[in-house]
Amino acid sequence: MTSPANLKYTSSHEWAKLEADGTVTIGITDHAQEALGDIVFLELPDAGRTLKAGEECAVVESVKAASDIYAPIAGEVIEANQAAVDAPESVNQDAYGTWLFKLKPANAADLDKLLDAAAYEKVASEG
Amino acid sequence: MANRTPLYEAHVAAGAKIVDFAGWEMPINYGSQIEEHHQVRRDAGMFDVSHMRAVDVAGKDAQAYLRRLVANDVAKLTLPGKALYSCMLKEDGGVIDDLIIYFFTPERYRVVVNAGTADKDLAWMRAQAAGFAVTVGDRPELAMIAVQGPQARERFWTAFPVARAQTVLLQPFQAAEWDGWLVARTGYTGEDGFEITLPAADAIEVWDKLKAAGIAPIGLGARDTLRLEAGMNLYGQDMDESQNPLESGLTWTVDFKDAGRDFIGRKALEALKPTRQFLGLLLLDRGVLRAHQKVVTAKGDGETTSGSFAPTLDKSIALARVPVGVAIGDIVEVEVRDKRLKAKVVKPSFARNGKSLIQE
Chain A
1 MTSPANLKYT
11 SSHEWAKLEA
21 DGTVTIGITD
31 HAQEALGDIV
41 FLELPDAGRT
51 LKAGEECAVV
61 ESVKAASDIY
71 APIAGEVIEA
81 NQAAVDAPES
91 VNQDAYGTWL
101 FKLKPANAAD
111 LDKLLDAAAY
121 EKVASEG
Chain B
1 MANRTPLYEA
11 HVAAGAKIVD
21 FAGWEMPINY
31 GSQIEEHHQV
41 RRDAGMFDVS
51 HMRAVDVAGK
61 DAQAYLRRLV
71 ANDVAKLTLP
81 GKALYSCMLK
91 EDGGVIDDLI
101 IYFFTPERYR
111 VVVNAGTADK
121 DLAWMRAQAA
131 GFAVTVGDRP
141 ELAMIAVQGP
151 QARERFWTAF
161 PVARAQTVLL
171 QPFQAAEWDG
181 WLVARTGYTG
191 EDGFEITLPA
201 ADAIEVWDKL
211 KAAGIAPIGL
221 GARDTLRLEA
231 GMNLYGQDMD
241 ESQNPLESGL
251 TWTVDFKDAG
261 RDFIGRKALE
271 ALKPTRQFLG
281 LLLLDRGVLR
291 AHQKVVTAKG
301 DGETTSGSFA
311 PTLDKSIALA
321 RVPVGVAIGD
331 IVEVEVRDKR
341 LKAKVVKPSF
351 ARNGKSLIQE
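One line per chain: the protein sequences are A and B, in this order. According to the working numbering, the first sequence holds residues 1 to 127 in order. According to the working numbering, the second sequence holds residues 1 to 360 in order.
For reference, chain B alone in the conformation it holds in the complex (with noise of 0.2 Å):
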């Protein structure tokens, strides 16, 4: 039996395509995909993303025990709703989730972690915590909406207008929280906007009230065609427990400042010497890449890990693990169907902020 949001019926009565999604019945479009990309990089769009699951650590010892958990290091959290975007790694180095953090005091974080790995993920959080003075608290019974796109801000506070008050100042990375909500100035689409957590009960009505206010339902599909375009992993695809964050783009995800601190995984890191790098492609012939394409390369074969059509660019990207001494500006050679088309190495960023980052 699959999982429902609190939101299902509302995306039925709007329409929705409901797919499988991690477990979850989830709407992938209500209408035309591209429609909805193109409505959150030019206006306001808003996303059911409650199947992610969020999880409270508490307790005295709940800065060490993260600070152990994660590879990035919440230390550097002070300021009260900041957020730190890090992976959970394997002793292998190997990644078992990414996830963003959110902290209030050294005894208290708030952590959400995706759907499809939720329960590995607690499962593995609570082993770790042995020895630590503190309590990993599962909160399945939340929901989340992100409200994404360059608009987004300005009619969630159309909507509520009492929240502009708490939200107005947040900056980047940084969150507020009142009567049980959580408003954080992040998200998945390379937009401005916010992500809410509130309680389940709330979420029909706070939905409904978003969308009076001219945000209009995104679906899956749109959500991950955004991502790619800003260059944003998606575990399970991009990066897993098989692959370690220093060949999956997410160096800058990996604190080794502090050389006391060992995190679970850390040995594993600073043994690997990376004999591959994680870029962007972007398709020269026609055509639409794929995941797990083969990429030829004068230095070595790699593969594509994500691929799609990128409406802001109106071509085909894709993100790439290929052997290091593969250089921005390279051209390479993918391998679709029986073919090969050409494609450009690029920095894995496209399209961020409404506008395309590539330069012709």
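Next up, chain A with everything else stripped away, as it sits in the complex (with noise of 0.2 Å):
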């Protein structure tokens, strides 16, 4: 699958997006869940937390094993989504039609610093 133009990357294969509000949800790429395989549980922040980039703040686990997320840029938890921790296997069906927890971010222009999707792409084919 071809990641999508309007996200932005970061090499630990989560992806992150500006929406309209000035909030950034935040979900894991394609690439993570094929190398996951069948998810079937998350554990989210919880909102109110206050997170620097690149922090453990998330978990993500497949049958076969358990992966960290880290936040791609720093801000406050808004909100975990709980339709996504009550069907875990939407993240397989739907990785960026399925966001994991939304943030207030510090400064928005965080996100300038993190991937496109051309250069997601050559890190995540290089493994």
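Don't take every hint at face value.
Ranges between beta-carbon positions, derived for each pair [to be verified]:
1. E89(A) / D262(B): 53 to 63 Å
2. A106(A) / K299(B): 41 to 51 Å
3. R4(B) / K122(A): 23 to 33 Å
4. S349(B) / A117(A): 43 to 53 Å
5. A108(A) / E303(B): 38 to 48 Å
Simulated from the structure, these hints should not be mistaken for lab results. This structure is a prediction, so every number in the text was calculated from the model and none was measured. Glycine is no exception: its CB is placed at the ideal position from the N, C-alpha and C atoms.
Could you fit the two chains together into a complex? Lean on the hints.
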């Protein structure tokens, strides 16, 4: 699957999307869900938690393994996606349509430091 | 250079995700591991287990040799084709491997050992053969396909009508041998089915015929969750050379009855007073149990040896080695990352024959 051009990416396989209201939604890439296999459990950060860029803040568990999720940018957690917690397989079905948590960014310009789709695909293809 | 089974190309063509398993390039899944798991519990699936090693033990002393070599007693095998599960132990009682032995005559047996331990096992088996009139013959040229699930036997007969007469009367843990094939009513899933050992040259054709009969290819990922639900031990994870069978849930496989039988490891096991026992855990909190997590009980700490999400139960389960005194029904805590999750102690058999065995 091609990585959507309107998202930003990390080399640890998260995506970040700047929403119209200035918040940022975060999920894992299609490459990440493919590598993990059937996802059965999500542990997401509580609303109100302040995250530093690169901080471990969530866990995605597949049948196979547990994988840490890192905050792509700094900010305050506004909401965790309860629908995804209730149906973790939705991450497998639509990795880019299933956000995990929503941040109020400390500085929206931090998004510019992340990878664009082309740069991420290069990272993903290198394993 | 990794080893490949005769079915490697078929796995790749079927879209398998290939991983390294004990030095073999094996399919972990062909899409969804959970779907494959359900396919076996509900219908029929097949596994390439050609990486496992067949070893033929033959000669005048074959029975006497095996009665010394392994902890279970092959003397109880009298019906040709009958199979026995056993551990092969070191003198100190540590488990070298777990294996299946098929009996044909007191002078001829087939032993099937794990892929990851095959070379070590063969070296040990040959070293122990000194003084016995036996040959220990490695059969790496054989392929093995396991067909498992409630519909597996019927589908196998649909694909190979001639085999029906040979196998329809087989009881569990019994095998039939003809034309270079060995078909056994055994498995590693908790479902009915057969394990078929056949010449590698026939493997692709047989695989394709089984597939055409509606038996879906299943990867090693689902094989692991199926065996875990069935409460079957995995060598290298639930027990190894540093553990003995009496503290690994395998006491039932050690046969002390014949006091005159001096099997390797017997003295050590007889001197042992087990302080730990092997039980199942059912996670009550949300999360997923994994191997090597600390289990906190009122009787002291234990450790999970295998753990995963159990698709049949839609819950997480584990096998664990815990202190003697912990009882079925106890609530214990498992350390998962920075949390302690509650789990219930259960018999280490979670699901078989399509159904959950856990009473809520």
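These are the hints, each one checked on the structure:
1. E89(A) / D262(B): 53 to 63 Å: holds, 54 Å
2. A106(A) / K299(B): 41 to 51 Å: holds, 49 Å
3. R4(B) / K122(A): 23 to 33 Å: holds, 30 Å
4. S349(B) / A117(A): 43 to 53 Å: holds, 49 Å
5. A108(A) / E303(B): 38 to 48 Å: Once the Cβ atoms are compared, 46 Å apart, the range 38 to 48 Å for E303(B) and A108(A) holds.
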